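Trainee: Protein chains in written order, with the numbering used here: chain S, 7 to 435; chain L, 7 to 435.
It is worth saying that the hints were derived from the structure and are not from the lab. All figures in this text were calculated on a predicted structure; none of them were measured in a lab. One or more hints might be untrue.
One copy or two, it doesn't matter: identical chains are merged, so the pair holds either way.
Calculated pairs, SDA-like style, for lysine to any residue (alpha carbon to alpha carbon, straight line, at most 25 Å) [as the list claims (entries may be wrong)]:
id, residue 1, residue 2
1, LYS259, SER123
2, LYS418, MET130
3, LYS259, PRO122
4, LYS259, SER300
5, LYS317, ARG31
6, LYS259, GLN129
7, LYS418, GLN214
8, LYS259, GLY431
9, LYS418, ASP117
10, LYS317, ILE428
11, LYS258, ARG434
12, LYS317, LEU374
Number of protein chains: 2
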Amino acid sequence: MSTTANNLDEAGDFDATAYIANLGRAARVAAVEMARATTQAKNAALIQIATNIEGAKADILAANARDVANASGLEDALVDRLTLNEHRIATMAEGLRAISELPDPIGETTDLCFRPSGVQVGQMRVPIGVIGIIYESRPNVTADAAGLCLKSGNTAILRGGSESLHSNSAIAECISNGLNHAGLPAVAVQMLDVSDRRAVGALLAAHQWVDVIVPRGGKSLIERVINEARMPVIKHLEGVCHVFIDEMADRKKAFDVALNSKTQRYGTCNTMETLLIARAISDQVLPELIQAYSDLGVELRGCAETCALDKRIKRAVEQDWFEEYLAPILAIRIVDDIDQAMEHIRHYGSQHTDCIVTEDLGAARRFLAEVDSSSVMLNASTRFADGFEYGLGAEVGISTDKIHARGPVGLKGLTSQKWIVIGDGHIRT
Amino acid sequence: MSTTANNLDEAGDFDATAYIANLGRAARVAAVEMARATTQAKNAALIQIATNIEGAKADILAANARDVANASGLEDALVDRLTLNEHRIATMAEGLRAISELPDPIGETTDLCFRPSGVQVGQMRVPIGVIGIIYESRPNVTADAAGLCLKSGNTAILRGGSESLHSNSAIAECISNGLNHAGLPAVAVQMLDVSDRRAVGALLAAHQWVDVIVPRGGKSLIERVINEARMPVIKHLEGVCHVFIDEMADRKKAFDVALNSKTQRYGTCNTMETLLIARAISDQVLPELIQAYSDLGVELRGCAETCALDKRIKRAVEQDWFEEYLAPILAIRIVDDIDQAMEHIRHYGSQHTDCIVTEDLGAARRFLAEVDSSSVMLNASTRFADGFEYGLGAEVGISTDKIHARGPVGLKGLTSQKWIVIGDGHIRT
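Okay, chain S solo, but in the shape it has when bound (with noise of 0.2 Å):
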């Protein structure tokens, strides 16, 4: 069939089957020329990508201006979000080019041994081959995602906000440039350029052309995906952390866990939604710290025990202990033990993060072992729950999943191992 820029059919309408089928096509047709790229051209591209962004730097300014002023209907935190500066330009920059100095994860080749009929048996890390990925607002993310999918020998499709369609075509444009510059194909990185909301419909049933779909935005988003895409999705749910100060704690490290749990910012995933604390303990750490959050702004909401303390604290209800605040709200528990506050962790949590305050090595070895969340930590701060902190570079998300990758995805979440058999003429009797 003929096609033109935006797959109009005779009828004028959109068609969005075929406007994937050809990204599709290109990046399958990419996917296999990125896995065997070497890593001196991907590390060449990426280099180039971020000294593309920094010369292009006004005109991402100009386009960002242009989104940011059609966005003057849409909630403050989104616009927030949605603006780009020099600040976050140079931030993009700096990213790519730490994604260039990763180790790349490519042909590690791992546990290779001999089995009792002779053949040696391992593992090779291999790229996935085609990543879609949807996402909200951010603007950075367009350069985050190609860089990781680009180090990690795949391709990809990605589908940003229409909010965000100017910053992102201009971010686009460094990123095509810097893989032709390398000698990679410039459609391993592929934008979806229209806004048209079926394309991403088409995008989630294409699943003989996209191998796997990383959703990042809100609910509805992730929920559309999760009933539509036909292929596996690496998503983020929500952030319902935890931090529980067992009796055994430590007053200090409770304490300054706690509170920059949730205060050192309130907006992120990895931020402390519930408090909960140990009755044995609780009167020796809660007043100091509900001063502190009240100094601080945050609205204290509580069990009954916990209001009791204090009358500044609301009575929380059960819809609190399920709720993702994002904002500077806090809800804090006292309860019996260590028992009783993984039964609420596995209860009301979202399986992101939770943190035990502890200087007992049996309570610190049960709560790492039997918590399951993607990340599940003792006497540190929920917020290190990052892909930068973990060492990964950039990431291309945080899975609650509970298979492949989870917690921060980077580049080894954005491969496979597949099986290498070496024989000398082996044969199975």
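With chain S's structure known, arrange chain L on it following the hints.
Mentor: Just chain L now, with coordinates in the frame of chain S:
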């Protein structure tokens, strides 16, 4: 709501959703206990189940005889897979004992290292949770799958084929008793005891209870699962496996590997279905191979060049190159070189298992790195692609997916890795 054995509602209709919710809730509760079960308890259960199966041999054979009697209308291969005998029962018990001897993957913590912030970050291997397994005919899958799920600290919800209902029930009883005996929850392995197909639909929709679905069976089952599952799927689609005889192949090794890959067993997914051979060596290797295949009654279908070599070879049509024969039929194509061979595998293959026979290091290196299949082999029969041969013990299936587990799925494929962060009161600044 009140439930009866078969979840009949007041109108006498089967309420599949309620039926699955009951199993799911029980599985979720048992999953907490299984995740923290000691290696000792899990091994004790495995060994006891093996003993129970041997002890109940007469009952299992009687139950199986009922299934086989009911299966009179089914095709021979299916009846063969359904039929148990003393040897197959002994193999089931041996398989469970072998799983008890494998290292326990749970709790293994790797790559724990200090980050610049001062916290230690690593990864801990944990169970996935609740595994749903849908399979057909072979009752031995009941024991294998249960054993692997148990050892990896998961709970399982099993749905065998309705044709093997009595056999599976008899084996399931041995499993529950073994779990009980070891002090583990008997509901850690549950078997759907209804043949109503709506139960499968309800199971595939139950993403709140089931973390991953493993289908084992024919294409129509797999397609139903792809379309209906609302949770991740670890699936095996088909095995269109290739052997490529490179121009630098050793003639003896080429003969052995090509013959064994096709004829050691015809009906398995790791059997070669297409032989590719470099033109430069074809006249030195093919005549002898054609004779050997013909002596064993293998029907040969070739490209025009191959057909010119021997009048016994039929002309292959386009569909032959896509075909998983699972039968004594082989497609043969003469290719220019390794590039054309890899192009053929990319276009027609199913990313299951592909092998190169060569003495040339450069060709071996390229083939192993570039062929994107779950198992890639050098000078070894494709029949080695198997959980036992790879040292995994039993396998719950062979995955042709590209994320999570690829190839044979053993204990590790039934686990995930969570992040562990250890600090000493560390906060993020």
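Trainee: Between copies, within a copy, both or neither: which fits LYS418 and MET130 at Cα up to 25 Å?
Mentor: Classified as both; 12 Å inside a copy, 16 Å across copies.
Trainee: First find the shortest C-alpha distance between LYS418 and GLN214 inside one copy, then the shortest across copies, and answer within, between, both or neither for a cut-off of 25 Å.
Mentor: within (23 Å within a copy, 27 Å between copies)
Trainee: At 25 Å max between alpha carbons, let me know whether LYS317 reaches LEU374 within a copy, between copies, both or neither.
Mentor: Classified as neither; 34 Å inside a copy, 68 Å across copies.
Trainee: Reference check for the pair LYS259 and PRO122, CA-CA at most 25 Å: within, between, both, or neither?
Mentor: Classified as between; 19 Å across copies, 52 Å inside a copy.
Trainee: At most 25 Å between C-alpha atoms: does LYS317 with ARG31 qualify within a copy, between copies, both, or neither?
Mentor: neither (63 Å within a copy, 39 Å between copies)
Trainee: At most 25 Å between alpha carbons: which applies to LYS418 and ASP117, within, between, both or neither?
Mentor: Answer is both; intra-copy 17 Å and inter-copy 13 Å each pass.
Trainee: Between LYS259 and GLY431, at a C-alpha cutoff of 25 Å, which is it: within one copy, between copies, both, or neither?
Mentor: So LYS259 and GLY431 pass the 25 Å test across copies only (4 Å; inside, 61 Å).
Trainee: Is it within a copy, between copies, both, or neither that the alpha carbon of LYS317 lies no farther than 25 Å from that of ILE428?
Mentor: neither (71 Å within a copy, 35 Å between copies)
Trainee: Since the copies are identical, ignore which copy is meant and state whether LYS259 and SER300 lie within 25 Å (CA to CA) inside a copy, between copies, both or neither.
Mentor: For LYS259 and SER300, the Cα distance is within 25 Å only inside one copy (19 Å; across copies 76 Å).
Trainee: At most 25 Å between CA atoms: does that hold for LYS259 and GLN129 within a copy, between copies, both, or neither?
Mentor: For LYS259 and GLN129, the Cα distance is within 25 Å only across copies (23 Å; inside one copy 42 Å).
Trainee: Taking 25 Å as the upper bound on the Cα-Cα distance, should LYS258 and ARG434 be classified as within, between, both, or neither?
Mentor: between (63 Å within a copy, 15 Å between copies)
Trainee: Evaluate LYS259 and SER123 at a C-alpha cut-off of 25 Å and name the case that applies: within, between, both or neither.
Mentor: Answer is between: at 16 Å across copies they meet the 25 Å cutoff, but 55 Å inside does not.
When the structure is compared with the earlier hints, violations turn up for hints 5, 10 and 12 and for no others.
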